[in-house]
Each structure stands twice: as C-alpha cells, then as structure tokens.
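**Student:** All chains should be modelled from the sequences, with the hints used to inform the complete structure.
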Amino acid sequence: MRNAVNAPLQCPSAVGAKQFVGGLSDVVGRWRVDFFAVLANLAAPQPGRRRLLFAMASFRSSFAGHSGYLHRGAFIRLGLAAAGALGGVQSLAADSAAAAKFHRTIEPLLTKYCYDCHGNGLNKGKVSFDEFASDAELLARRDLWLAVLKNVRAGLMPPKEDGDEALRPTEGEVRLLADWIKYDAFGIDPANPDPGHVTARRLNRVEYRNTIRDLMGTEFNAEAEFPPDDTGNGFDNMGEVLTISPLHLEKYLAAAEAIVDRAVPKVGRVMREVSVTGRDFRNEPGGETGNAGGGGGGGGRGGVLSVKRAATVTRKFSVERDDTYKISVELEARGSFDFDPNRCQLICRTDGRELFSELVEWSEKKAISRAVDVEWTAGDHVVSFEVVPMEPVPTPTKPERRIPTDLPVADGAEKAKAAGEEVAAVVAGAADDKAVPGAAPAGAAALVVPRRPPPAQASRLDVAIVSVKLSGPRAKEFWIAPDNHARFFPDGPAPENAAARDAYAAKVLRQFATRAFRRPVDEKKVTQLVQVARSIYTRPDKTFEEGIGRAMMAVLASPRFLFRIEEPEPVAAEAAYAPVDEYSLASRLSYFLWSTMPDEELFDLAQQGQLRKELAAQVQRMLKDPKASQGLVRNFTGQWLQARDIEFVPINARAVLGINTRGQNDNAPRVDFDGPLRKFMRSETEMYFEHVLRDDRSVIELIDSDYTFLNARLATHYGVPNVTGDQLRLVKLPADSPRGGILTQGTFLAVTSNPTRTSPVKRGLFVLENILGTPTPPPPPNVPDLEESKKEIAGREPKLSEVLALHRANALCSSCHQRMDPLGLAFENFNAMGSWRDEEAKQPIDPAGKLITGENFKNVRELKHVLVTERRLDFYRCLTEKMLMYALGRGLDYRDTVAVDTIVDRLVREDGRMSALMTGVIESVPFQKQHAQPSSAVTAISPTQATVAKIESKP
Amino acid sequence: MNHHARSRDLATQRHLALNRRQFLRGLGACLALPVFESALTPMLRAAPAATPATGGLAVTPSGAPLRMAYVYIPNGVHQKNWWPTGEGADFTLSPTLQPLAPVQGSLQVLGGLDHKCADPGNDGAGDHARANATFLTGARARKTDSADIAVGVSVDQIAAQQVGHLTRFPSLELSCDGVRKSGRCDSGYSCAYQYNISWASASTPVAPESNPRLVFERLFGAGAPGERQANFRLRQDTQRSLLDLVLDDAHSLEGRLDRSDKQKLDEYLTGVREIEQRIQRTESFGSLPDPHAETPPEGIPADYGAHMDIMFDLLVMAFQTDSTRISTLLLAGDGTNRPFPQIGIPEGHHYCSHHKTKAELMDKIAQIDLYYMQHFARFLKKMEETKDVDGRTLLQNSMIVYGSGCADGNRHTHSNLPVILAGSGGGALTPGRFVTHGSQPMSNLFLTLNDRMGVKGVTRLGDSSGRLANV
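Residue numbers (my numbering), protein chains in the order written: chain B, 1 to 955; chain R, 1001 to 1471.
There could be a bad hint or two in this list.
Within a straight-line C-alpha distance of at most 27 Å, the following computed DSS-like cross-link-like pairs (lysine-lysine) qualify [unchecked claim]:
hint : chain 1 : residue 1 : chain 2 : residue 2
1    : R       : Lys1358   : B       : Lys842
2    : B       : Lys627    : R       : Lys1181
3    : R       : Lys1181   : B       : Lys762
4    : B       : Lys799    : R       : Lys1356
5    : R       : Lys1262   : B       : Lys524
6    : B       : Lys799    : R       : Lys1358
7    : B       : Lys524    : B       : Lys266
8    : R       : Lys1181   : B       : Lys679
9    : R       : Lys1358   : B       : Lys762
10   : B       : Lys126    : R       : Lys1116
11   : R       : Lys1080   : R       : Lys1262
12   : B       : Lys762    : R       : Lys1356
13   : R       : Lys1356   : B       : Lys842
Simulated restraints on C-beta separations [to be verified]:
hint : chain 1 : residue 1 : chain 2 : residue 2 : range
14   : B       : Ala475    : R       : Ala1230   : 34 to 40 Å
15   : B       : Lys762    : R       : Gly1391   : 52 to 58 Å
16   : B       : Glu797    : R       : Lys1387   : 38 to 44 Å
17   : B       : Glu797    : R       : Arg1259   : 53 to 59 Å
18   : R       : Gly1344   : B       : Gly217    : 48 to 54 Å
19   : B       : Asp846    : R       : Lys1356   : 48 to 54 Å
20   : B       : Gly719    : R       : Leu1234   : 56 to 62 Å
21   : B       : Pro734    : R       : Thr1357   : 42 to 48 Å
22   : R       : Ala1150   : B       : Asp736    : 41 to 47 Å
Treat the hints as calculated values from the structure; they're not laboratory data.
Every residue gets a Cβ at the ideal spot worked out from N, C-alpha and C, and that includes glycine.
**Tutor:** The following block contains the structure:
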C-alpha cells in the first residue's frame, strides 16, 4: 500500500491550526464521544471545522491509548447489517485488477477530494484512505466502501462549503468512484449478481390472519392471540427476526384447533336454515308505528319495539315443501338503567295462529329464547309479533326512607355520598351483574330529586327481536351442505364405502395441503394425513368431516404452513444462483402485495409454469385488488411511516396546548386527540399512498403535492376550510396551504412527537432515515444536557429552536444535529398533534433553514420542494431500499447496491412513477432469484415406517 | 377527560372494570386457601432428595417447592430516592422503597452489582436495548438490526432446563408490554432485544405473554371452573395426535435448508418437543390444579396498574399451584416512553428519565419509580399472605429479583444497578438487610441463585467472575 510519505502534506492553514490549539485540551477530552458522533457516516460534514480536526490529528498519538474507544472492530460492526461478512469468492485475478484500478483511477480522486481529512496522517472519524496494510485489506473493507458510496452520492462528502464547487467531484468522477466500488471493491458481476439469501419467513401476525381468512374463510384475531412479532430494519416481516418459541408453537396448535373447529363443518348435511334479524320485520300496514327508536325510525322496520305502544311487525317466509319446520326466536328485553314500570304481552303468531306469548317486564337486559315446531305447506307463511301494552306495575318502594334528614350541613356531602352508594347497591343488585362504574353518580343524582318518580323519558323498556330462525324441512332427504362445506369437500358428503372414503379423504387433504403449503404436497404426506383423518372418522361417534378436520389441524401446525419455504428452479449444476420456482414467486408476490397467500389464479399460473410470463399483467391485477390496500398499503405505510403508531402514540392534548392538566380549569377549551381523529389520520396517510400507487403517479407526490385526503373533522384540525362530511376524500388544497405530502400529515407529525411537545430532533431524524436514507449515527453516551444549554438564555423560557441552536454550537453535537435540526425545525409550525401554530413559547416560529448539503429554504413548502428537486435521488434511493427490504423480508447489504441502483435508474427514467418502483422491485434479481441449492434435488426424507405406525395407532 | 386511557383503548380492547374486580375478588379467595392437594402431590414426589440442610432440586429443606422469579423495571431509577441508608440489618428504607415497609424483613436491597456488558464498549449507543438484553443473560447483545441476533442464554432458562421437568411449565414468561412501536428500535438493535428478557438460546428469545386471560387459560384451562379440566384434556389429546405428524414434517425439511433456515427449524422442533414433554408431565401430575378463581376478562386492562396487578396475581397463582417454579415478568421494555397520567405525569417515562437534573423531572421519575414499587410491594404482600405446603409463606419459599439493567436512566449507567432480592429461598437466603457488594457482575448473583435452586454444573454465566457471597 502506498504510504502517505510521498503525498504532499496538505496543511489547510497553519495559522488556523494554531488558533485552535488553545482549545485543544477541551477537544481531546471530548474526543472519545466525538468519535461516536462521527462514526458510520465517515464524519458528518462540519464546514469550518476541518482545520480543527487537522490540529487534533497531530495529537493522535496522545489519545491512541484510549484503545477501548478507538478499536477498529467497532467500526466494522457498523454500516449495513451483513456488510461485515466477507463474500469471499472473488478470484485473485479479479482482486488484483480491482486494486490496480484503484491505484490508477480512484486513489487520485481520493487524494484530491478526501485527503484533507482522510489521508496524509489525517483520519477524521477514524477513516483514512492511505493506511491499508495491503490491497487485500483495502478490498475487504466493504463497510467502508459502502459508506463512501452512500455519503458521496448523497452529497454529504466531501462536505459542502460555500464557494467550494471547484473542490467537489464532478458527476463523472462520482460515477467512476461508484462503479469502482460496486464492480471492483464489491466484485458484483452485473450480468449475474448475488441475489442474497432470504431466511425462511414465519408468517407474522398480520400474514397469519390474512392467510387463514383466505384459506379457511374465517376470521382469526392473531393480533390478540399471538405474542407480538419482533421487528428488524423497521419491519415486522424480517425472516431472521421472526423467531419461534415454544409459546408460539403452543399458540399455533391451539389456533389450528380453534380455526378448524370454527371453519370446517363437522357433518356432511344439515337441515336448511334461514335466519333473519328484527330489522327484516315490517310494521303491519295501518298499524301504529311500534318503533322505539332503535329499529330505524318510522320507516316501517321493526327491530326494536317499545312495550308502551301497541304494534305488530311481520315477516314473510317461503318454503318449498310440506313438512315440519322449527321456528327459533331470540328476543331481548332492554330496559333503561332506571326501573320502568311499563310492561307488555308479546304474542308471536304464524299465519295468525298464536305460537307463544311472553310477558315482558322491566329488566336491564334479559334474553328470551323460544323454539316451536310448525307444520307448513309449501308456499308463503307469515310470522308476526304483536306488542299488547299492559297496565304498568305499581310504583316500587322509593328510596326516600334512606335519605338522612338530620345531617349537620358540614357532614352532609359525605353522608349523602355514603347513602348514595347504598342506593346504588340496591339498584345494581336489581340490575343483575351489569357493570356499575357509573352507578354511584346515578344513585347520587337520584338523591337530588328523591320524592319524584323519574320523568317518563328517563326510563324505558323495549323488546328487541334479535333473530328468527326457520329450520327445515325436517326430512333428511332435503338437507343441504353446511356453510363452507364445498370449500373443503368438493364432491359433497363422503361415500359410505370404506375404500372410497379413504380415497375421498386423500383427495380432500391433497387439495387442502397444497393450498395451505402454497405448493404441491408429496404423496407420503397425503398418506400420513389420511391416516390421521382415518384414525378419527373410523370411530363410531365421529364423522368423516371431523376426521378431515383433525388432519387439517396438523396442516395448520406444520412448518410448511407456518414458514415460507422457498425452492429454486432446477438449474445447471455449476450455477450459483437460480430463479426461485414459480410457487415461491407466487408467494413472494402475494405476501409482498397482499400480505397473504396466493389466490387461485396465481397458484394456477405457477402450476402451469406461466407466472413469470404473465408477471406484468399479474402485478397489475394484484395492485388493483382491494387486498393490496389491506396488504401493501396498510402494512408498508404503517411501518415505513409508522402510521400504525398513530393509534396509540401517547400525546396529551391539553399539555401540548399548554393547558394546565392539574388545575380544574373548566373554562379551558375542550381539546381532543381522540380515537376517531387518530384513525382519520391513519386513513389519510393510507389513502394518500394508495392514490399514488393506484393512479401510478410519481412518488414525488408522496413528499410534495397540492392535495390530500380529508373529512370535516380532520380538515378542521388542519385548518383547511370548506370540507364537510365524515367520509375522507381527495381534497385539493388552497394555493397557500403548507399541507400536501406525507410530511405534513398528522401521522408523521404526531408519531415523532413527545407526549407533551414536538421533537424537532426526532422529526429531523425521521426524515434522514426514512426520506433521505442518510441516518446519523446514534447520539454518544453522556450527551450534554439540553437543559444546560438552556441556562445560557437568561430571563425567559427559550424556544426549542434556541435551545437546539445552543446544543448545535457544541462541537460534540454539531456534526449530527446540523443535519437533523434544520429538517426538524422546518416543521415547528406543526404542533405535536399536527395542528398549525404560529408561535412556540410565545415567540414567533422561524422555520427557515439550510440543509447540510447547502440548500436553503424559508419554510416547509420550500423544504418539500428542495427534497423533491435537489435531493430527489436520495429520496428515490431511500424509498427503493425500504420497499425492497419489505418485499424481501431481509436487510440489504453491499451485494444489493446494483439492484437498488437499477431500480433508482428506472425511477429516474420513468419520472418517478410508482409502477417503475413496484415493477423494479419485483423484477429485481434479489426478488427473482435465490442461491441454487445442490441439495434441492433431494426429495423429502421419507418418514420411517415406525413413525407411520405410531401415527396410525394414535387415537 | 383522560386522554391517555382513551388512546390506549384504541390499541387494546375495551375492558370492564367490574369484571376485573370480580376476578381480583376471586383471587382473594384463592389466596386465602393453602396450596392444593393436586399441587402437593407432584411436589412431594419431586423432593425425595431433600435433606433438612440443603433442600433438593428446586425444593426447600422443608420439602416445599422453591421458586425463582425475575421482575424487570425499565429505564433505571432515580438514584437519590432509591438507595437506603444504613447497612446490614440496620437500614432505613428510602422514599422509593417505602411501599416495601410491611415486608422489609423479607427482602434484601443489593448494591454494587454491575452489568458491564450493557455499557457501550465498542458498540456505541443503544443502552436501552442492551440493558434489557443483558439483564438476565449477563452477555453482550450483538448489535444488529435483523441478521444474526445473539446475546446469551438467560439465568431463568438455564435453571428451567434442569428444574423444568418438576412442574407442568418449565418456566412462565410474562410481560405487561404488549403493544409494539413500529419502525426501528434502539439505535440499530433489533426490537427482539428490547421486548424479551428470557432467552432459550443465544439467538432465540422466549416470547412473553401479556394477555392475562391467555395466561390463565394456559395455566388452568379455558371455560367455566367446572369445565376447565375437561377442556384442557381435550385440547391436550388433540395436540398429541398432531405432534408426531408435524415433527415428521419438520424433519423432512431439514435436508434442504440453509444454515439460517435450519436455525428456524430448530426453534420449531424445540417447541414441539417441549409441548410433547409438557403433555407427558401434565399426565404424570394427575389432575389440573384449580386456582378457585374466575377466568380474567378478555383483553388487556386499559389501566397499567391494574394490568401489573393481574399479572402479579397470576404469578402468585402459578407458584401457589406449583404450575411452575421459574418465571420472568417484564413490566415494560427498557426505553419505554409510557406516560403515567394516572399519577399526573403526561410526559413519557423515557423523557422524564433524562431529567438533566431538572427538579420537576427528577420528581416525576421518582414518582414513576414509586408507582412501580407500590405494585411490586403489593405482590410481595400477597406472596407473604399465602401459605405454602410446609406452613411457611410463599414468599419465604421464593427468590424474587426485582431490578433494571439500567442504573441511572439519565446517564445510561449500568453499574450499581437497582436490585432487590425478596424472599428467604426456603432458608437459603438471609433477608432483612441492605448489602453492598462492592462492584461485582450481576451475573454472580445469578450463579448463586441457581446454586440455591439446586442447578448443577453451571460454572459461568455471561460475564460472571464467581459466586456472589453473603446473600
């Protein structure tokens, strides 16, 4: 390796160095932490501080002893996740060519642009380009080269200084450097790049729930039943992080049982049933309106009837045969909390003949179930309910006697409260075991007017027709297949013959396991499953369906269902990489876009080997499907933009608005950051992303646009005029509106805030991490206090921006905060709930700032503009990386740089259109290919006979 | 009015206060009873080696089960209000420890225990993730966002490997932190480090359960009291009929998997085997214990204090019925920014913990510490009020560690950690003291407690340098 000795020592300014020597003892003391501040991003640019660091470098030997902090190992661990792992298969020849090219073309570039800080004895941020022990070491430092690539392309390196354009590399030079890094240092073969390895992914909770819905036709609340999934890289679908513990397995077994129990019919034929609710009943023409208000007003619906008014509601049923039918009625008496003396006789009739009659008296809630057999002829029949009001029951004993009349005034409140509780206890007792948190106040209120009966409106009693079910005909020959039977049992009920039953079981289970495993299942597995099923259905007390259900439980608990296990297409023995097979591709597509299993069309195409050929059309179809909204849109925005968190992020509205939370200030305006508002915010972000996705608009609009999705409530919250109604819809914003784009939506603005105030630092970091893709390293330990900075502003409460300005003045903090703060402070006009404000701490807000890359902006509108013009490529790359990680279920490393660049190039070519991103990701090598496995030709290890026998003998 | 309660309702399910009260009343009844016969039987069978001097494997000298639990509090504590004055048996409780007054004689406050592996070292920021991951492992968490997660096997799981066969559940992992923030966790560490304290292997965290009802049903069966036994049996029969098949299925995949995939499959196989063993154990232990309590209502209580109380109560029940002898309870993952509006603190815990010596925030962090302590003290009192099979109290026959992997949350230190060791360990411990141990690895305490549990053959754990003496 060439040594720094030959290179001319570049001393920017000896005078400058001297000026700083005075402060050096201070600097050295802080070096330890400064090291962390600048790690990982090759030293964030600090205009004007280069000289200082030069001076520091001459003291290098004096603090080299702090080896604990200067250890190179720390550096190696940073950068992208797997960058530390050596790829290892570069040939020696390629290595020497790469090194030769480095010395010929790259080293001069580094000398020219980087050695001011990273060469000739300078190693700011522990990076120097001329101290590698050998060419091999130089090429092995992939983490370093990845950081160089990132920082140079993002314009962070070399640091921007005013009037230094001549000192910055040209576009051509940057490309030269980038190409050397990608194709030489990383050794990526553009014709056959390494697709990387995706660890078998366990279905996460969302995917499990959706897969069960599509496979079984039933909802399963995996979020409530399973432990939360751990996340990595900001997403919850990372294969390596989705671990499986015994608790998981226990849950999966229990879930399999519960799901099959609910979804798979236990018999082959059931009596036909028609079930209707009270809302299907009509008021008899000419009859008084019997509605008590719950059933839909006077429009003739009869779900809920007041006991006070005479009314009749009817419903017509048609039957096709003369036979016995069963009518099952579920009613419910629903009383107010307070006793109501009214009562009625409720008479149920069919075709005018009384079936039963029920006395309905006050009760807070009382279910009434009746079932009656009727002989009906083919044709129409009418079921009716008639309310016949009766004399109210005599008024019950009032609680007056409990009211103490001789209490001393001072004591009154206390005793009255005690008495109130007594009353409440009486009432609550009468109300059965209904929840009573509100009971004490109710009792107390009753005390205020103890001698008068409650006003008529205060109490009420209704009877609700919950459901009326008609079952029949009773004769077995007219029975039908139960719900969901055809989904699992394509040929109807099982045949009687034992051999035919087993054959049918094999057919049913083959079909089911194939769908559940998302690829064909081998016959050995089918045989095993049939054995499990047979062990059940051959018992006299069990049905064929129950046996199949048991085998289905085994399928749902199988690793082939719970994990996405992928296989390559067969390829030549010497090939290192192979396309994933069509079944794997179908699953990759459907879990990426829908967060669920492939549908029949995808699966059929995979089966025919036609999916790759039809890829573009299929992606189009899938993106149009509503499942994309529940899948990609919801889960990607939910995590990339953390929109999921809006529903529970702790924000204290009163504290945000500076309303004293302790005092009982009843005059304070009512402020709410409640559930509905939070949900609207989440919907806004989702609908916005979906709009850009479905209309194939430019991803630029994600940052900057003149529209968003609002309803009246959200528009009021944002201060956007003239929006009415509850439905969120596309709203064109006024010309001067600061809104438009995800960064001015409530989701981003609130999830990056603290419970009581905004956090410009978190907002800035969010933009760096999720929009620009250039995160700062985490803060060093022992950060000097914001509060200490605060002390320097005497006499008044400083604005957050002022505190941060002081913080930034601290050399230790400035390198990162210069990057985060201007971004975050640009949003200070939005409070922690995302509402607009003009001042903070009674000082006007100044959102103007300058990015570290040199761009100035006066307000958030201008910032958005900067992000989508000058920083457009950074955003393209960042969004591409996030989308690719989400699609693959793994973190990215140096091997993926070409894949990412290919997609970014496509976005540039196609004006940032969403389709360029989506198709780019789907057509990328990491998505399409995997490592070829020599062992993949081996078929499943056959189970030993012993195992089979054991299974057979199990009950 | 209470915004926070409302917002949490969104994330969890609505919850009826009354049902919870009923549940807790039921528990009260349960706690008044001595340990049940059904629990006694296996325990006595498990204790043949017991001698009066030492006890046996997870058994006290008097023949009762010996239990061990670890309770985690996040973000360290406000130092000034934490440490008692005086030393040895003659010590005065500090403001934060005040709630422990009724059980002061049954616990020791330990000073001078460190988790150096939670220090930044060469890994930079991420003190919260490390504090959490190191707490029971004594090991340094590999800094990674997704690939190759690794820390170490935790003390509870090491013990469970040897003690676990004595009870229906080798160990019970609980948490009061069921809602996860999306996006990234602490400074480049995977969230797995921040939400798990129990690790079955260096790379496999043991997921904790945070839903009280699900914990209950797991322990005692689903349904009304009279149906639980039958429901549980039915479920077990069904599961057993599936295990061979899924096991075979997993084996058939082994041949064609890559290294990281194999690890996933191993996790799966471990789970299957454990369930198999549990089924066998349950059968050998006879009928399912009846906790004489209502099943807890659906969902996670909106009130955090109530959630903690229920989880603590379930822990008491699990110990009392000898369903397990080892448990961990993560009250919240380190770094949590949970606000405490119920005690007038709308700001988040993490925010307050970085109090920067501001009096108002220091006061708030002390209040939060006190809040946690009140709930822990309530738990210890229940443990003390509950009679064990040998006529002593449950607390006497337990070793309960309460503490944090962070010492001072303001400065992210991991030395002189706040640690309380409650219980007498069946006579193996000397409570009623404040003992400072100079500066020793917390892992030394783990080795000592595992010794007391009768766990054999563990010479090192994490960064241990020996056994902790004088406990």
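**Student:** With reference to the structure, classify each hint as holding or not holding.
**Tutor:** Cross-check of the supplied hints:
1. Proximity of lysine 1358 of chain R to lysine 842 of chain B is assessed by CA-CA distance (about 22 Å); at most 27 Å being required, the pair is judged to hold.
2. Our distance criterion of 27 Å between C-alpha atoms is met by lysine 627 of chain B and lysine 1181 of chain R, whose separation comes to about 24 Å.
3. This hinted pair checks out: lysine 1181 of chain R and lysine 762 of chain B have alpha carbons roughly 15 Å apart, not beyond 27 Å.
4. Proposed proximity of lysine 799 of chain B and lysine 1356 of chain R is supported: the alpha carbons are some 18 Å apart, at most 27 Å.
5. Pair hint lysine 1262 of chain R plus lysine 524 of chain B holds up; C-alpha atoms about 22 Å apart against a cutoff of 27 Å.
6. The hinted pair formed by lysine 799 of chain B and lysine 1358 of chain R meets the criterion: a straight-line CA distance of about 17 Å does not exceed 27 Å.
7. The suggested pairing of lysine 524 of chain B with lysine 266 of chain B holds, with an alpha-carbon distance near 26 Å, which does not exceed 27 Å.
8. Of the pairs offered as hints, the one joining lysine 1181 of chain R and lysine 679 of chain B holds, with about 16 Å between alpha carbons and a cut-off of 27 Å not exceeded.
9. Of the supplied pair hints, the one linking lysine 1358 of chain R and lysine 762 of chain B holds, its CA atoms being roughly 21 Å apart against a limit of 27 Å.
10. Of the supplied pair hints, the one linking lysine 126 of chain B and lysine 1116 of chain R holds, its CA atoms being roughly 25 Å apart against a limit of 27 Å.
11. Taking the CA atoms of lysine 1080 of chain R and lysine 1262 of chain R, the gap is near 49 Å; set against the 27 Å cutoff, the hint is violated.
12. About 18 Å separates the Cα atoms of lysine 762 of chain B and lysine 1356 of chain R, which keeps this hinted pair within 27 Å; it holds.
13. Taken as a hint, the lysine 1356 of chain R and lysine 842 of chain B pair is honoured in the structure, with Cα atoms around 24 Å apart against an allowance of 27 Å.
14. Separation of alanine 475 of chain B from alanine 1230 of chain R is about 35 Å and conforms to the stated range, judged on CB atoms against 34 to 40 Å.
15. A C-beta distance of roughly 56 Å is found between lysine 762 of chain B and glycine 1391 of chain R, which places it inside the suggested range of 52 to 58 Å.
16. Glutamate 797 of chain B and lysine 1387 of chain R have their C-beta atoms about 58 Å apart, which leaves the hinted 38 to 44 Å range violated.
17. Distance hint check: the CB atoms of glutamate 797 of chain B and arginine 1259 of chain R are about 57 Å apart, consistent with the given range 53 to 59 Å.
18. The given range of 48 to 54 Å is respected by glycine 1344 of chain R and glycine 217 of chain B, whose C-beta atoms sit roughly 49 Å from each other.
19. Taking the beta carbon of each, aspartate 846 of chain B and lysine 1356 of chain R are about 25 Å apart, not inside 48 to 54 Å as hinted.
20. Checked against the hint of 56 to 62 Å, the pair glycine 719 of chain B and leucine 1234 of chain R passes, with Cβ atoms roughly 59 Å apart.
21. Range check, proline 734 of chain B to threonine 1357 of chain R: about 46 Å between beta-carbon atoms, so the 42 to 48 Å window is met.
22. For the hinted restraint 41 to 47 Å between alanine 1150 of chain R and aspartate 736 of chain B, the CB-CB distance of approximately 54 Å leaves it violated.
Going down the numbered hints, you'll see the structure goes against 11, 16, 19, 22, while the others check out.
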